[in-house]
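**Q** Top to bottom, those sequences are chains P and Y.
Here my numbering is used: position 603 in the first sequence is 812, and no number is missing along the way.
Here my numbering is used: position 468 in the second sequence is 677, and no number is missing along the way.
Heads up, a few of these hints could be off.
Since copy identity is lost for identical chains, a pair holds within one copy or between any two.
In silico EDC-like cross-links for lysine to aspartate or glutamate, where the CA-CA straight-line distance does not exceed 20 Å [stated by the list, open to error]:
1. Lys391 with Asp424
2. Lys705 with Glu748
3. Lys912 with Asp740
4. Lys835 with Asp979
5. Lys704 with Glu914
6. Lys495 with Glu646
7. Lys391 with Asp427
8. Lys746 with Asp928
9. Lys835 with Glu806
10. Lys571 with Asp773
11. Lys948 with Asp958
12. Lys772 with Glu569
13. Lys746 with Glu862
14. Lys467 with Asp281
15. Lys391 with Asp645
16. Lys701 with Glu862
I should point out that these hints are in silico values taken from the structure, not numbers from a laboratory.
There are 2 protein chains.
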Amino acid sequence: MSNADLSLVDAYWRAANYLSAGQIYLMDNPLLTEPLAPEHIKPRLLGHWGTTPGLNFIYAHLNRVIRDRDLDVLFVTGPGHGGPALLANTWLEGTYSETYPDVPRDGDGMRRLFRQFSFPGGVPSHVAPEVPGSIHEGGELGYSLAHAFGAAFDNPGLIVACVVGDGEAETGPLATSWHAGKFLNPQRDGAVLPILHLNGYKIANPSLLARIPHDELDALLRGYGYAPRYVEGDEPDAMHATMANVLDEVIDEIHRIKGTTERPTWPMIVLRSPKGWTGPSEVDGKPVEGTWRAHQVPLAGVRDNPSHLRQLESWLRGYRPDELFDADGTPRPELAALVPDGPHRMGATPHANGGLLLRELKMPGIRAHATEVVKHGTTHSEPTRVLGRMLRDVITLNADARSFRIFGPDETASNRLDAVYDVTGKQWQAETLSVDEHLVPDGRVVEVLSEHLCQGMLEGYLLTGRHGLFNCYEAFIHIVDSMFNQHAKWLKTHKKLAWRRPVASLNYLLSSHVWRQDHNGFSHQDPGFIDHVMNKKAEVVRVYLPPDTNTLLSVADHCLRSKDYVNVIVAGKNETPDWLDVDEAVLHCTRGAGIWEWASNDEDEPDVVLACAGDAPTVEVLAATKLLREHLPSLRVRVVNVVDLMRLQPDTEHPHGMPDREFDALFTTDKPVIFAYHGYPWLIHRLTYRRANHHNLHVRGYKEEGTTTTPFDMLVLNDMDRYRLVIDIVDRVPGLGPKAARLRQHMQDQRARHHAWIREHGEDLPEVRDWTWQ
Amino acid sequence: MSNADLSLVDAYWRAANYLSAGQIYLMDNPLLTEPLAPEHIKPRLLGHWGTTPGLNFIYAHLNRVIRDRDLDVLFVTGPGHGGPALLANTWLEGTYSETYPDVPRDGDGMRRLFRQFSFPGGVPSHVAPEVPGSIHEGGELGYSLAHAFGAAFDNPGLIVACVVGDGEAETGPLATSWHAGKFLNPQRDGAVLPILHLNGYKIANPSLLARIPHDELDALLRGYGYAPRYVEGDEPDAMHATMANVLDEVIDEIHRIKGTTERPTWPMIVLRSPKGWTGPSEVDGKPVEGTWRAHQVPLAGVRDNPSHLRQLESWLRGYRPDELFDADGTPRPELAALVPDGPHRMGATPHANGGLLLRELKMPGIRAHATEVVKHGTTHSEPTRVLGRMLRDVITLNADARSFRIFGPDETASNRLDAVYDVTGKQWQAETLSVDEHLVPDGRVVEVLSEHLCQGMLEGYLLTGRHGLFNCYEAFIHIVDSMFNQHAKWLKTHKKLAWRRPVASLNYLLSSHVWRQDHNGFSHQDPGFIDHVMNKKAEVVRVYLPPDTNTLLSVADHCLRSKDYVNVIVAGKNETPDWLDVDEAVLHCTRGAGIWEWASNDEDEPDVVLACAGDAPTVEVLAATKLLREHLPSLRVRVVNVVDLMRLQPDTEHPHGMPDREFDALFTTDKPVIFAYHGYPWLIHRLTYRRANHHNLHVRGYKEEGTTTTPFDMLVLNDMDRYRLVIDIVDRVPGLGPKAARLRQHMQDQRARHHAWIREHGEDLPEVRDWTWQ
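Start from the sequences and build out the full structure, keeping to the hints where you can.
**A** Quick look at the structure:
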């Protein structure tokens, strides 16, 4: 690389550093056309300088190699709290002003760029959805590399340059994400180029990877399957030359790997540079550059401390802004020579605004797979097994588009979706043996025993404009609670930005759920993810509890077509009565909740409402109804089933919410309601506490009781079995007379009989195992 | 090692394998004294055979080395779903029958051991709290190594042998836990001996680490800081010999390391053995031993399939049970020769029943650190900074006992607890540089940027009988939602087992909370951990929201002394008005909720109740009260503050819950209640929906609005600012007349004035920043 090119890269880097520091400190006088004065300084100094110069260094060098080689690069900023860097670079390359014309690429725009940063009404301090070119916020650390691999899947022409901070590298999710290379097909997928940025420090501590011997670090990265190249130092000229050479080498190596079929050892870069590089080396006699003290704002109290103010001015002038910007603040034309062509600018890549690339998922329709239901509740099927067949067809229909993937922590077969293996396999780039099944170098299913990695790869895949499904045991989806939070927050902001186009929803299929983890025991029993999801913005989250096979197909069909949501589907894999035929299922799911007339005998005037949400509760409610018909035939019972949990809320709280009139029409305003719910019962109260009939609502659900036992015993332990529901009715419906007491005792006797049988025989009574509605 | 010894280990291993398979299959005929018949077989075959023979192999060899060298070993079973192995081994060594005398070590006991496994009313299929010698359930994978390191801290004589499953090894938390060696002091702490068990498969897939080249695996483990030794094969005799040698070597090496002060490279073992080793090699023509098909029950349908029944019998007889057990089922005396002495048996170690070792934490009392409060709300202090001083004294008082540690993801100083560094440092075994501060080889603070690792190490530390605190940013504690679930489930079961003695509570201090992450923005704003915690059993969970410094001291003092709970304390680090002097604080915290008479003017007859929980809401409620005194002096306002959130529930729901009469006395039965709450508002509804006055309750809280802005703007964005609270009152208290409309408009104007100022100046108005109550 020529010296001129290196000088250009250095100038570009200085410009980005100047613009970064300017954002943290200045609300006026952006070009330092007058001596810096306290009134030019922001009252609250917020931002993270420490990681920023390193990010700027990488970005400038990537620009050079993109320009020289016409590459397609997506930049993932692991240390996303270095927001000023990405804002500076996108402004410099022009993409920021194209996205936000009110922040033009001139002096006025520079003032706005500076002022808006971390300023009320302005832009966040981190790389948030507002930043062009980003699919990754660095607020909560650990997910950059998973996002990068997700983005690279099925994008053979793409290189995802992923900066991994050395703080972030200590997190669990990041530590296991290195292994994702074992799922990347060199020919059919893109490349991920990890750049481990060792700047040595976190908030107040050194980082672990910066403080182990070189040999150990090198072994670790080789052990993860990479061939690391090192760019280490603090002298800019030497660092520029090394970085440029190394980048050329790794791009060559990526091209070489993509041209062979050998098992790849992917290249990566270790950049060891000072934290807060080029910033103040000392402040008040204490070292800052190259230490953790550079993490956020290296010079504090600048408004009130004249010496700090002078130090800031000299630091900023040290970048020689007059060489970098015209008198009106426009970047000098020579800097533009480093900027890649229009869409190759990293702030302009459509991969970071996936909605631009999104193609509708081709759907097979649900009728081909629907279960035939001649009489309600007389046949059985395994809902997720049937769904697996529909997903198989989704895979087939979208095979050419290569736009749909299923992720899971080794549970796709356990969750009975294995029909998908008729047409695809599990992507796998490690060794295979003859006993292996369905492992292929290029498959639509990605399985790795890390819910974090599954979630992160799926997020990266979706945000770059593709479709997908995460299937998981219900209890263990809590492992990604925090990742869900961050994705839901991202979507909330994303939806408000007109330039960000809608992306496919993040779909969770939670199976092997709380009621059927009787065999694995208490640790596997937790329906609380639904509660967790409900805390996020109503415009983003949806929760579905289809009670049988055809409703599951209808819900899944809807969710896979939807955009910009997080959809949670909880569905069983075990044999379940088929309640609704396909037409009824579609209608019921469209309504989200409704009266099951065929199971009711209330003739519009119920004595009691028996409501249910979830497959296991629905069986118990129907079984209770059958018991009531036998023992209290004159009792008018209405059965209400809820598929779309959000329907229970008022329409003022959620777009799917029911108006009071509609709710009252289902649940009455004055009759007892016994509600059997899949999860923790208090959620139903939370959703309905403003309804007229709330005081009559009695909810049964999972109350954190369980062990290794039988499915029916799980219901009994949690007081949600059919007999208990009948007792609840007897206790709450007035005027039942002496029959009530006898029925109550009979139900108690039944519970005792089951209890004794189960403990004697180790399984449920045949009358439960073979139960049907009619 | 002699051939006799190897034969003994093999016999012991066969016995454990026999007992393991017996548990999975048999409900009767445990000694195969008659031909195996369908009625001897359990109706539901539940359990995990695959990992079990490997666990038995390791356990037997550890017995040998413990016996030979008189070691103190704690066994951590990463693949805890291999429950049969630990049950078999503790029964064989006698500790099971000592713990559960109804399962004696004879033929009758063996029948009970078999029958109870995964059987209703029996014991869970995983290594649950019911298993003697265990601190770790393997239900949710990923935490074994973190638990092991936590157990090893401050136990210099202990070796924690931690079996890491190769499935588990794919998880994020496990992947980063390898680094925990960088926090272990070879002299002052115990040793952790990781045994990576590569049996090659998960549920339906090969494991990653079993399918990478040997060199890559070796590099990975060396990169993590270990010197791996390999025990690989499937031929028992050779494997026994190798394992025995390797174990002798690693124990020698551990002793050598503990005798030097060099930076250690700890030994570890890689055991590569077939999944389902010694089980059926083929079933129905398909390979099983050594494949994923051995994961759970290798032979299915044994009751109904005579050929499988015969295969099972021949498999079981292959262990030659008549050589292993007397005619009455007692293990033969020669097996006893391998069992270590009483308390050295791994099922008997007191470290796995930490309550036995627990010493009360010496507490300094809160008065020495309490803030002087002469007049309510006129001075300010930083609650967590003052708490830091109390924690410093806790550290000093318990320095000799070495029984208290603080864990955190690099946020201890950020959370302003840094007074602790006056007397201790951050434990650190990697390189140090001159700029570093507080890094020491032997410190009471453990900081690593992995919330998973912090939580896991703390759990291990507590369950082995010590005390601790986890301090974390509030939003990111969601990262360990799932780990909290598992620990709370563990505690629920632990509390029911009389032989398990109480352990110290798991204490969370969540600071840098939602209302003061204005600078970091939306990704850092999430108060939902409280909601998550509330789903677990009432007897285990506690949540405290101290509104100021002295209440924080009182709450922390209480939590640190408590046993068997999970305590969540949410407290601010920023300057907060001092509301209560130390006596008032203790009284208020003891009550958990109460009327603040000094802030009320209701004279027992309020027109409105203003309630608050949390420090930021308390300030706004008091500020609203002040506005009301100015603008509506005749309005009788009662201020209620809630510290202990559980008080809001009925006493039927939680041990801390208030009876209705008490609740009504605070909140009235008929007056409007405006409740400003720290977190998501619906939680307050969930806790109070059965109260008489619930229909009058209006809750303000965080509703998922936020960005990088000012603290007061955060309140305005979420409608919890003082002006909005006054508007809420005006809108809800009847009969205020025309003054109400004027006040409403005035409050709107104030909000607009603040909004405009903040957007103009980038900071809050001085009247907010310097606000005091009086």
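**Q** None of the hints should be skipped; say for each whether it holds.
**A** So, going through the hints one by one against the coordinates:
no. : hint               : result
1   : Lys391 with Asp424 : between (23 Å within a copy, 16 Å between copies)
2   : Lys705 with Glu748 : within (11 Å within a copy, 43 Å between copies)
3   : Lys912 with Asp740 : both (13 Å within a copy, 15 Å between copies)
4   : Lys835 with Asp979 : within (15 Å within a copy, 67 Å between copies)
5   : Lys704 with Glu914 : between (40 Å within a copy, 14 Å between copies)
6   : Lys495 with Glu646 : between (61 Å within a copy, 12 Å between copies)
7   : Lys391 with Asp427 : both (19 Å within a copy, 17 Å between copies)
8   : Lys746 with Asp928 : between (32 Å within a copy, 15 Å between copies)
9   : Lys835 with Glu806 : within (14 Å within a copy, 57 Å between copies)
10  : Lys571 with Asp773 : within (18 Å within a copy, 53 Å between copies)
11  : Lys948 with Asp958 : within (15 Å within a copy, 65 Å between copies)
12  : Lys772 with Glu569 : within (10 Å within a copy, 55 Å between copies)
13  : Lys746 with Glu862 : within (10 Å within a copy, 29 Å between copies)
14  : Lys467 with Asp281 : within (15 Å within a copy, 53 Å between copies)
15  : Lys391 with Asp645 : within (16 Å within a copy, 38 Å between copies)
16  : Lys701 with Glu862 : within (16 Å within a copy, 35 Å between copies)
In summary, the structure agrees with every hint in the numbered list given earlier.
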